[in-house]
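**Student:** Chain by chain, the residues:
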Amino acid sequence: MTTPNRAWGNLTLLGKVMVPLLLLLLVVGPILTILLATVVGPWLVGVLSSNLGIVRFVVAIAGILLFSIPAAFIIIYMELKVIAFMNLRIGPDRVGPGGALHSLVAGLKVLTKEDFTPTGADSLVFTWAPVIVFLATVMTLLVIPFGPGLVGQELNIGILYVFAVGGMSVVGLLLAGWSSFNKYSLLGGLRAAAQMVSYEIPLALSVVGVVLLAGTMNVYEIAEAQQGWFTDWFVFQQPLGALILFIAVTAEANRTPFDMAEADSEIVAGFATEYSGMRFGFLFFAEYVNVFIISALLTTLFFGAWNAPVDINSVLALAGLSPITVALDPGSLGIGLVILLATVPLVLTLVFATPFYLARSSRPAWQALLLGFVVFNLVGFGALGLLAYISWPWLAGLIWFFLKSFLFVYVFVWMRGTFPRARIDQLMGFAWKWLLPAALLNLFVTAAAIIVVKSL
Amino acid sequence: MTTTDGPGQHPSADDPRIMLDDQIGQFEAVPPYPPRTEREAEFYSLRDGEMFVNMGPQHPSTHGVLRIVLKISGEQVVDLDPVLGYLHRGVEKLCENSDYHHVISQVDPLEYVSSLFMEWAPVMAFEKLLDVEVPRRAEYIRVLTGELLRVSSHALYQGWMALDLGGLTPILYGFIERDEIVEMLAAITGQRMLFNYFRIGGVNGDLNHEFMSRLGDWMSRATSQVEANIGLLNENEIFVRRMRDMGRLDGETAVRMGTSGPNLRAAGVPFDVRRAHPYSVYPELEFEIPTRGHVGGGDSLDRYLLRQDEVRQSLRIIDQCLHNMPDGPIMARLPRLLRPRPGRAWAAVEAPRGLYGTYVISDGTDQPFRMKIHDPSFVNLQLVGLLMRNSLLADTMACMASLDPVMGGIDK
Amino acid sequence: MSFIPGIGLVRGMGLTLRRFFAPKATIRWPEEKADVAPKFRGRLQLLYDEYGTLKCETCFQCAQACPIECIDMGGVDTKGRFHVHWGPSETYGERREESALRRSGRPVADPAFERFEVIDLAALDEILEAHDHDPKGLLAILEETQAAYGYLQVAALKHISRMTGAWYATIYGTASSYRHLRFEPPAVETAAPAGEGQRVEEAGYRAALDAALGYGGGRPS
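Residue numbers (numbering that gives the first Met the number 0), protein chains in the order written: chain W, 0 to 455; chain A, 0 to 411; chain H, 0 to 220.
Simulated from the structure, these hints should not be mistaken for laboratory data. Note that the coordinates shown come from a computational prediction; the quantities given were computed from them, not determined experimentally. C-beta atoms are modelled at their ideal positions from N, C-alpha and C, and glycine is treated no differently. Don't take each hint at face value.
[Claimed, not checked] Residues from chain H that face chain A, not an exhaustive set, calculated with beta carbons under 7 Å: (1) Gly-7; (2) Arg-10; (3) Gly-11; (4) Leu-14; (5) Ala-24; (6) Ile-26; (7) Lys-38; (8) Phe-39; (9) Arg-40.
[Claimed, not checked] Non-contacting residues of chain H with respect to chain A, defined by C-beta distances greater than 12 Å in every case (computed): (10) Met-12; (11) Phe-20; (12) Glu-30; (13) Glu-128; (14) His-132; (15) Gln-145; (16) Val-153; (17) Thr-173; (18) Ser-175; (19) Ser-176; (20) Ala-202; (21) Ala-211; (22) Gly-213; (23) Tyr-214.
Chain W on its own, in the form it takes in the complex (with noise of 0.2 Å):
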């Protein structure tokens, strides 16, 4: 027998198979490469250029899903350390310097966490249950505008969409809770679904006012509505409807006083008390993410979206001077920009180093030469950080979005903190008594007060 026989003959079936397969590959493989390279490159990008639209869906798509990770990530870690602060304790200081990465490795143990299916189960609804909740929540971000020009995709029904796909969020933890064959998760999805419900309409009537008052449904022309000074801001024209968009979303994202779904101290975890896994690691992150969607529909819809509380332009031009327009083009330096690399950092630091120097007379050399540069880079970069915020609408809307946003999630984990949590009859009450007929109180108002402003 001979040696390549012997070898065959050790192989496997699969290896079998694989071993011609991968031959063909290693003749196939460049001639494919070359043929790509010549002929279906040129057709793939010409084919790519003439359907912009979907190049931009699916790169804001990817983007949108790639940036839901680390949102959630930074608001379980937040929500760690904000509520230990508030009840007079560190939270997580382990991993990461002050346990910054600490809900990252929270999310690898989750995924190394055995993922179990009770006896039971549903096991096919059980599977696709979380998928269906954190794909529900992660779509929804998909029309928040995070800046002038930074949208997902603009649609003329924006505010509906948000609110069809993030109630459709419902079905999944329904399914959930009938699926995981535990009575504790179906009281939850039941709750869930309930609670849902009810707070659909309130939240829908409170924006209705916010459609009228901008004319449209575009979320992305209602943030555009909003320029110029905080007064601007819809809150100031709606702050009944801000009040019950407030409550509503938190109703609807399942947060404290409004968790009953997951009331720990009832009915264990509610719809994921089953849930191990990377199955839990779904809800939880669509949780999370729901977190950070409800906070940007607040600043989107009633705080000014990504614009400034304060008009720049409007106090420069009262001051007397004309807006600054700074286009931050470096190329347009040429090779002057290399001789300005090289240079101005040397330049600076010994400048800025000199009265460290001269201040004392025991400080050394070196000393005064560090302090130098880290001023130096703190003023470098402070400056071109300023030429970026004023020449880019966009970094400094997508600033003062994230800004406005988080403060809200602060918000929210604050509350989190500090209330106990409403009972469900009261919760339905609270909503059917109180919510629905503010809301349309609201809407009433704010129809009637348009009519009147625009016979005026």
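Position chains A and H against the provided structure of chain W, taking the given hints into account.
**Tutor:** Just chains A and H, lined up with the frame of chain W:
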């Protein structure tokens, strides 16, 4: 739904029949034997639309290892059946098999939240049997440490109460309060939880500098701190709306059910062992017996607020103890081996959860012949059947928490 | 409850916000140690008095009373190398037995501490010397001891324990977990091989069976 397989045939996950629809009842909380009493038969038969939910012993919010089988219809609790005994360790028999000094450490873990009171009643009973005069300084130290522990127990209660309603923060504030007090007591007793401090005829150690400095430090800010912690919830609309009318208990029922302690006083009955059957140096101290409640009796909110009143009174007592603390010995002179004359004695103290009593029979040997422990948590827990029925599922645990049971004392 | 709805909620949130910035109560063990009261008796260690002398009188009462031998008196030998027992280890056994007897009212059999014969330890000393009294080579020491003495006697194990500083329980446990180490003398070699007598009887039975079945000359193979 009852299983007809008879005793000994426990349902197992390997059973191939388990997935059949008519076998799904195997996952119910039904015991695997035929009903033993009429009540059991009635309880474990379901009407249409009802189901069992097993709360405990591993439910995240049961206090200790209490198991409650709830029969619910939707969110409404139709009926319930508490199942006890998961923490039973036969402490009465343990006490009867150990000599009089050892009893103190045996009864310590009964109510692990306020274990000094668990030592106090047996020690008082033994002192009655032996006819010992306890030095006044020892009595004052007992009252001082006991009231400190009452404050810590009530601080923890308020946290638990909020935790069962979903509030995350008050339990931590309660534990911070308790930690300070417990560290303080550790300075004189040497332990943080199971103190083992009272002795027959006195206490184990005198007040020391460490304790006094910690106590002074704490007393200077105790009032403001306790009030601030209370302020987190007692005006909170969500909290008040939930607690109001939850588990309403009128005074007559409370007396009939043998309730004692804050639960009884919150129903409007001013019974406190410290005043009703004075012991130790309580007659010399000035304090009030706060009561709450009105015509319809007291609800959970009354029980919650009453404990805050008690904390205020306890702080008053501590202050008086520190001012009136006499000098002198802390232990009576006693032989090392105690052999009381044959006889019987009963002693009761006002523990944070109510009347805690001990009945001892001596046969002249160095061990008690019979020792019966009356624990307030056990008696108070009887009320769950009255209070929880027809409430909502969300209120069951909170309702039980408002009675403040500690399972160590219940299962003994 | 106040007249303005929601004021209680806001006050609660004000308190948590104040506490958010307040100093924290956590003790970050192990970087920080808790402030333990001097009288705290939860810690398991030997205490020193104010002159720096060990308070322990080495009266062995604690080790004697300990029912599961979790208290063990020991220290570091003069060269600072090994953990050695201060007291003769066999006294533990006797005391332990006494204590168990007193506690339970019946003697507790423990073959490890039964009275043992005194043996000549010269050969064992050589073996230990060769291994530098290092308990890390315990298996080799035990194997060589068995080669020298035929089996592992209690006296030899005790001596190893005393000289190396390893606990008797460790040595006994090591020895008992290996099949080739034995505690009894090996079986006598001169006895007849097992089954010899049985085979004689078996032949008789077979002959009778053959006769009954009618196989005259021999069985069909």
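**Student:** It remains to establish, for every hint, whether it holds in the given structure.
**Tutor:** Checked hints:
1. Checking Gly-7 of chain H against chain A by beta carbon gives a least distance of about 3 Å; that is within 7 Å, so the hint holds.
2. Below 7 Å, beta-carbon pairs count as interface contacts, and Arg-10 of chain H has one with chain A at about 6 Å; its hint therefore holds.
3. Given hint, Gly-11 of chain H at the interface with chain A, holds; its Cβ is 5 Å from that chain's nearest Cβ, closer than 7 Å.
4. Against a cut-off of 7 Å between C-beta atoms, the interface hint on Leu-14 of chain H holds, since the closest Cβ of chain A lies about 5 Å away.
5. Interface hint status for Ala-24 of chain H: upheld, as the beta-carbon distance to the closest one in chain A is roughly 5 Å, under 7 Å.
6. For Ile-26 of chain H, the suggested interface contact is broken, since its CB lies about 10 Å from the closest CB of chain A, more than 7 Å.
7. The restraint placing Lys-38 of chain H at the interface with chain A holds, with a minimum CB-CB distance near 5 Å, inside the 7 Å limit.
8. Because the beta carbon of Phe-39 of chain H sits about 5 Å from the nearest beta carbon in chain A, less than 7 Å, this interface hint is met.
9. For Arg-40 of chain H, the interface hint holds, since its Cβ comes within 7 Å of a Cβ in chain A; the closest pair sits about 4 Å apart.
10. The beta carbon of Met-12 of chain H is not kept farther than 12 Å from every beta carbon of chain A, the shortest such distance being approximately 9 Å.
11. With a closest Cβ-Cβ approach of about 14 Å to chain A, Phe-20 of chain H is found to remain outside the 12 Å limit, as its non-interface label requires.
12. Residue-level check passed: Glu-30 of chain H sits 19 Å from the nearest beta carbon of chain A, beyond 12 Å.
13. The beta carbon of Glu-128 of chain H is kept farther than 12 Å from every beta carbon of chain A, the shortest such distance being approximately 49 Å.
14. For His-132 of chain H, the requirement that its beta carbon stay farther than 12 Å from each beta carbon of chain A is met, with the minimum near 41 Å.
15. Non-interface call for Gln-145 of chain H relative to chain A: holds, since the shortest CB-CB distance, roughly 48 Å, exceeds 12 Å.
16. A cut-off of 12 Å between C-beta atoms confirms that Val-153 of chain H is not in contact with chain A; the least separation is 37 Å.
17. Residue-level check passed: Thr-173 of chain H sits 38 Å from the nearest beta carbon of chain A, beyond 12 Å.
18. With a cut of 12 Å on Cβ distances, Ser-175 of chain H stays outside the contact zone with chain A, its closest approach being about 35 Å.
19. Separation of Ser-176 of chain H from chain A is adequate, the least Cβ-Cβ distance of about 35 Å exceeding the 12 Å criterion.
20. Every beta carbon of chain A lies more than 12 Å from that of Ala-202 of chain H, the smallest distance being close to 51 Å; the non-interface claim holds.
21. The non-interface label for Ala-211 of chain H is consistent with chain A: the shortest C-beta to C-beta separation is roughly 51 Å, beyond 12 Å.
22. Chain A leaves Gly-213 of chain H outside its interface by the beta-carbon criterion, the shortest separation being 54 Å against a cut-off of 12 Å.
23. With a least CB separation of 53 Å from chain A, Tyr-214 of chain H remains clear of the 12 Å interface cut-off, as annotated.
This entry does not satisfy hints 6, 10, going by the numbered hints stated previously.
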